[in-house]
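There are 2 protein chains.
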Amino acid sequence: MHDQTTSERILESALHLFSTRGYVGATTKEIAKNAGIAEVTLFRHFESKKKLFETVLNSYTFLPDLKGLLPQVADKPYDEAMTIIAERFYDKLSVRKDMIRLVQAEVQRYPEKLMGTYHKFIHELWQTLASYFYELQRSGTIIKFDPEIGARAFLGMCFAYFSATELMLDRKPDKKTREETLKGFVNIFVRGTTA
Amino acid sequence: MHDQTTSERILESALHLFSTRGYVGATTKEIAKNAGIAEVTLFRHFESKKKLFETVLNSYTFLPDLKGLLPQVADKPYDEAMTIIAERFYDKLSVRKDMIRLVQAEVQRYPEKLMGTYHKFIHELWQTLASYFYELQRSGTIIKFDPEIGARAFLGMCFAYFSATELMLDRKPDKKTREETLKGFVNIFVRGTTA
DNA sequence: TTATTATGTAAGCACTCACTTACAAGCCAC
DNA sequence: GTGGCTTGTAAGTGAGTGCTTACATAATAA
Chain A
8 MHDQTTSERI LESALHLFST RGYVGATTKE IAKNAGIAEV TLFRHFESKK
58 KLFETVLNSY TFLPDLKGLL PQVADKPYDE AMTIIAERFY DKLSVRKDMI
108 RLVQAEVQRY PEKLMGTYHK FIHELWQTLA SYFYELQRSG TIIKFDPEIG
158 ARAFLGMCFA YFSATELMLD RKPDKKTREE TLKGFVNIFV RGTTA
Chain B
8 MHDQTTSERI LESALHLFST RGYVGATTKE IAKNAGIAEV TLFRHFESKK
58 KLFETVLNSY TFLPDLKGLL PQVADKPYDE AMTIIAERFY DKLSVRKDMI
108 RLVQAEVQRY PEKLMGTYHK FIHELWQTLA SYFYELQRSG TIIKFDPEIG
158 ARAFLGMCFA YFSATELMLD RKPDKKTREE TLKGFVNIFV RGTTA
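Residue numbers (our numbering), protein chains in the order written: chain A, 8 to 202; chain B, 8 to 202.
One thing to keep in mind: the hints can contain errors.
Because identical chains share one entry, a pair is satisfied inside a single copy or across any pair of copies.
Derived DSBU-like pairs: lysine-lysine, alpha-carbon spacing no greater than 35 Å straight-line [what the hints assert, rightly or not]:
no., residue 1, residue 2
1, Lys183, Lys120
2, Lys83, Lys120
3, Lys74, Lys36
4, Lys74, Lys182
5, Lys40, Lys190
6, Lys99, Lys58
7, Lys83, Lys182
8, Lys182, Lys58
9, Lys151, Lys57
10, Lys183, Lys40
11, Lys179, Lys74
12, Lys36, Lys151
13, Lys36, Lys190
14, Lys190, Lys56
15, Lys56, Lys179
It is worth saying that the hints were derived from the structure and are not from the lab.
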């Protein structure tokens, strides 16, 4: 009947409700109901709402890692590689939509914990793409510029596009529109950086 | 003693607390205390917390308008104009930080109202910058590309930079770092679009 | 069978929060 | 001064909300 454990179902339900209603706005009763269990069962698995929230934070990541992606595109032409990066980055953000919303909404309330992991992840993202740029600069494929600023620029426009469409307006653009927009971003960026 | 009216003080306090604690997390008691008035006075000015919230939403804008800025830079060289736009855009976002946080956090709760205004404002932003690009394309200064996608790309990287530094990490970068980063964005974008 | 474990139902407790009511005090116009 | 107008203090109400306790039920393991 259930292929997930009760704890997993609670965590999933909690992530979704925390992300849409916020920490204070999500009630334990509703989290339980959404998970298909009784409220008291929730407290048998997690000693308090606060602990449940912290477990959610530790159970899911909210940013994609590019590390696994880069080796796959390293030997492709520059513009093709950047297109793949843009689309995969957007896809992975999309899958983690709930978690991203949660972090954005609660970063004010839990600065130590959230900002710590946020900082770590985002820094790694930039560094990874920056190191790719650095290689291309050494091989003379692209011009010299601060690789980290370049990485921020590129990931920034992709993130802002994701944020505007899926986080704020909350309607996914159709595949074609999305591909054309990202391709437009890539074209400008690639033209602006190719040697 | 007070150069603002009581209602204005309440609205200001409410904006700040709604934006940092969220709608549910901000209590009327704390809003009143922060405004330096008694809680009951708050309810004499606003019939409910919900009405107060809606009044806050209607009292402040959260996105800068570029319309006033463009005429001032229209006759400057392209790269110089874009630098000014980037910096002013960032500045104005920075001033409206509270309101932006509020919109991001509560867009899930008040989709009709917030998404309506959000959509309207951001669309106008894009359109304004896009029309500037369109002019430059006609005069042959920059290459042909979808002006709206270009506008989204440029404003997107600026917004993402603002969001990462001031909304999430919550520490303003020093002026020099900020200027260098934005200049780096502009360089890539301008090189990528100049004819 | 018997004991253990995971879950459900039901009731309730302590607390907070939005909001109200009643009354007093200061201020300003006339 | 008198009468409005605004604000403050104090007390309270009713509806959640996190969390607990007590007891029953079903499945599983010994």
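Against the structure, the hints come out as follows:
| no. | hint | result |
| --- | --- | --- |
| 1 | Lys183 <-> Lys120 | between (38 Å within a copy, 29 Å between copies) |
| 2 | Lys83 <-> Lys120 | neither (38 Å within a copy, 46 Å between copies) |
| 3 | Lys74 <-> Lys36 | neither (40 Å within a copy, 48 Å between copies) |
| 4 | Lys74 <-> Lys182 | both (25 Å within a copy, 32 Å between copies) |
| 5 | Lys40 <-> Lys190 | neither (43 Å within a copy, 51 Å between copies) |
| 6 | Lys99 <-> Lys58 | within (27 Å within a copy, 38 Å between copies) |
| 7 | Lys83 <-> Lys182 | within (23 Å within a copy, 38 Å between copies) |
| 8 | Lys182 <-> Lys58 | neither (39 Å within a copy, 39 Å between copies) |
| 9 | Lys151 <-> Lys57 | neither (48 Å within a copy, 53 Å between copies) |
| 10 | Lys183 <-> Lys40 | neither (38 Å within a copy, 52 Å between copies) |
| 11 | Lys179 <-> Lys74 | both (26 Å within a copy, 28 Å between copies) |
| 12 | Lys36 <-> Lys151 | neither (56 Å within a copy, 56 Å between copies) |
| 13 | Lys36 <-> Lys190 | neither (45 Å within a copy, 50 Å between copies) |
| 14 | Lys190 <-> Lys56 | neither (43 Å within a copy, 45 Å between copies) |
| 15 | Lys56 <-> Lys179 | both (32 Å within a copy, 32 Å between copies) |
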